[in-house]
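S.K.: Each chain is listed here by its residues.
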Amino acid sequence: MSDYILELNNITKNFPGVKALDNANFRLKKKSIHALLGENGAGKSTLIKIITGVYNQNEGKVFLNNQEKSFSSPNEAMNAGISVVHQERNLIRRFSVGENLMLTNLPKNNLGLIDYNTVAKESKKWLDIMELDIDPNTIVSDLTVAKMQLCEIAKALSLESKILLLDEPTSSLSPQDTKNLFALLKRLVAEQDVSIVFVSHKLEEVFEICDEVTVLRDGKNACESEQITNLNRQKLVKLMIGRDEQIIKSKKNIDFTDESLLDLQSINTDLGHKNINLNLKKGEILGLYGLVGAGRTELIKCVLGLDKINSGQILLNNKEIKIKSPKDALEKYKIGYISEDRKKEGLILMHDVLSNAGITVWSNLKKILSFLNDSIVYNKVDPYVKQLEVKTPSYQQIVSNLSGGNQQKISVAKWLASGTDILFIDEPTVGIDIKTKSYLHELIIELSLKGTSIILITSDMPEMISLADRIITMKDFKVVGETINNHNYEEMSSSIMGNIHE
Amino acid sequence: MNNKIPNFVKTNQFGLLILVIVFICIFSFSTDGFTSRFNIYALSRVVALDIMIGLAMMVVILTGGLNLSLGALGVSAAMFGGWCMESMGIPISITIILVLAFGSFLGWINGFVTVRTGVHSFIVTLATMSIYFGFMTLLTEAEAFRKLPEAFTDFGSLKLFNKYISPLLIISVLTCFVLYYIFKYTDIGRKLIAAGANPDAAELSGISVDRMFIYCHMLSGFLAALAGIMLTARIGAAIPSMAGHLGFDWLLPAFLAPVLGGTLLSGGKVTVFGTMLGAILVTLINNGLYLIDVGEFWVRFFLGIILLGAVLLDRAREYFTVKNSIVS
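Just so you know, the protein sequences line up as chains A and B, in that order.
Quick note on numbering: the first sequence equals residues 305 to 806 in our numbering.
Quick note on numbering: the second sequence equals residues 1011 to 1338 in our numbering.
Check the hints yourself; a few may be wrong.
Unchecked claim - Pairs of lysine-lysine residues, derived as DSS-like cross-links and limited to a Cα-Cα distance of at most 25 Å, are as follows: (1) Lys684(A) x Lys1194(B); (2) Lys739(A) x Lys754(A); (3) Lys695(A) x Lys648(A); (4) Lys428(A) x Lys373(A); (5) Lys671(A) x Lys1194(B); (6) Lys334(A) x Lys373(A); (7) Lys648(A) x Lys323(A); (8) Lys429(A) x Lys335(A); (9) Lys670(A) x Lys1194(B).
Stated by the list, open to error - Just a few of them, taken from the derived set where beta-carbon distance is under 8 Å, the chain B residues facing chain A: (10) Lys1201; (11) Asn1208; (12) Ala1211; (13) Glu1213.
If you are wondering where the hints come from, they were derived from the structure by calculation, not from laboratory data.
Glycine included, C-beta positions come from ideal geometry on N, C-alpha and C.
Construct all of the structure, not just a fragment, from the sequences and the given hints.
M.R.: See below:
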């Protein structure tokens, strides 16, 4: 008997025109945490979908506990003890924690009605195993993002899952929550006989928690069940992207005594920001760091006029301005905002590349009687789309058909085309592969060198420290610290975390 | 994909065109008088109106909303026109301008209330439908205006192209071209579509979504008022019940034409010529079934079935939204 709980041997999966997986192997040891890595499009999600029964492989075999299996639906896989915790929350927000945990098997009383006492008792059992201090009667939407994540794992456990697939579980968690999650995962592996497949773009986490690593590149194994101790970050990145990673650092000299370009003075908002003061110099990258819920994105939206500023002043070049809407910001003050949520707020997924890339410049390009045709827009945006190396078959391609990295490039391209002086960039590289990520980093630095002033919101500490010139820390809708960045990771991160946990 | 097949063939409109031709063939062979000069002329008068009504609904569907007040609004505007001409003696040309402005104003009310309250336009226009129609009935005391200027009513019964085609159809087709131009070749048209497709993204890209939605409703009111004038010219009088109680008679063609034509009910995609073809198809089926003499209720039955089919088609379309362009 081998000590593998799950084995996938020589898996090939074809889609029309693409070989998503090409003879790929994946072996998960019992009671281990196994990282599954790869760039976007490398075949990770296809592999996961084969494990969970969403797809069937064209060639190759799947063994569960040494028995050949083939799941024809996610339900079958779930019954066999395989659960996935997705990036997107799969909880029903208006239901209580208990109801969500017991959803597939709600206990009933003699009258055939739901027995809420048992719901609470049963779900409490799983919450206790996870040492989670949550009342099962809490409504899910009242939980923090981190707790929702943990509830999802509790839900998977309640289905008696022995294999947990975690897809980017930390993307919306604070460092502290991440630490708690990892402690929990380790305990689950040790005490509950659970094996975990861990998918993440954050390599630091992989080194922290995983035992073995499988890397996919272009549908093939770049490495297979490699011991994590045999690898380091550099080797891992090379396996993933097929070449060495370039580390980027901004090497600018900003004179922080210069006059500010944009100045927020004692801003109080409807959303609860208290006495926010911050200023942005010309050509500076000002980082806004904080945990999820610190009010950073909300602050930007207030500045853009989407929510109300109750008191305080916004100065642009020392003149007070009132921004009524993003339209106002763009057209009057040349301020743009690259949203963190490219699918909902950044792009119009059902429209084509040209209209997405051109949306910010239509007003400027229109001729008499509001006339505007595709070639006028094309001439304007083409240089930027080319510069960003967006991979698309044509400008008529619907954006939802592009990869995440290319979508993000388009949501950046449209703001480059608009030629704004100030750009608010919100979480520019969430869920983006390493190649595109370093590309976007270079671009942000280049932009600032050319004189664009940038406020950068990111929860990715390494990203913040490599890009920002100055870092403002926010917590609970207040500014709690300001540090000039010396690009030394250890010093900066401890100083920032110090600000947050003071 | 196979590039040898022209893109047009893959579109919804092409399928519609085939359907239109198939129905024309069926009805030509199976009925007497379908191709007669009289019938074609009658068809052109009906289809002109259905196109206009379909377009009026289409521009609101673009926002992901609906305009149930379409019929009530169109009739109210038409009654206003009748009053202008008959009671006030205002010249025809000025009356038309006033009516269109009035229609746009009623549309503005729909849009303004929808945007300000955040209530779905379905509810808002359900209310305004009742308000407009009720108010109109109150003011006119349900009396028709039958003594309209001859020049106006003559236009409605004018016969062009060897007496086959009504000038009303020309107005509708021209309107299609104008709308196509607006959506395809103007800044404002693109913004209307973008706002309809994803209001959040459009707003953050510097588009005033509220204003765009109000424009859509105003355009809808404008087109409905135009339809009202055309109907008045066609029957030679402005009658409160000319679109049925509360304007209900307009609703079925209003939905059928754009939905058959390929406009997405969730918004963000318009098909001007699809709507035109959709309207033609509906009118054809209507007319053909009458000629086959299946009876009034069967016609309604079939139109209901077609609407249901078209909505299912819409769901499928949303799923495959698609290699077609946004304006077509």
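S.K.: Starting from the hint list further up, note which numbers the structure goes against and sort them upward.
M.R.: Hint check: 4 and 7 fail, others pass.
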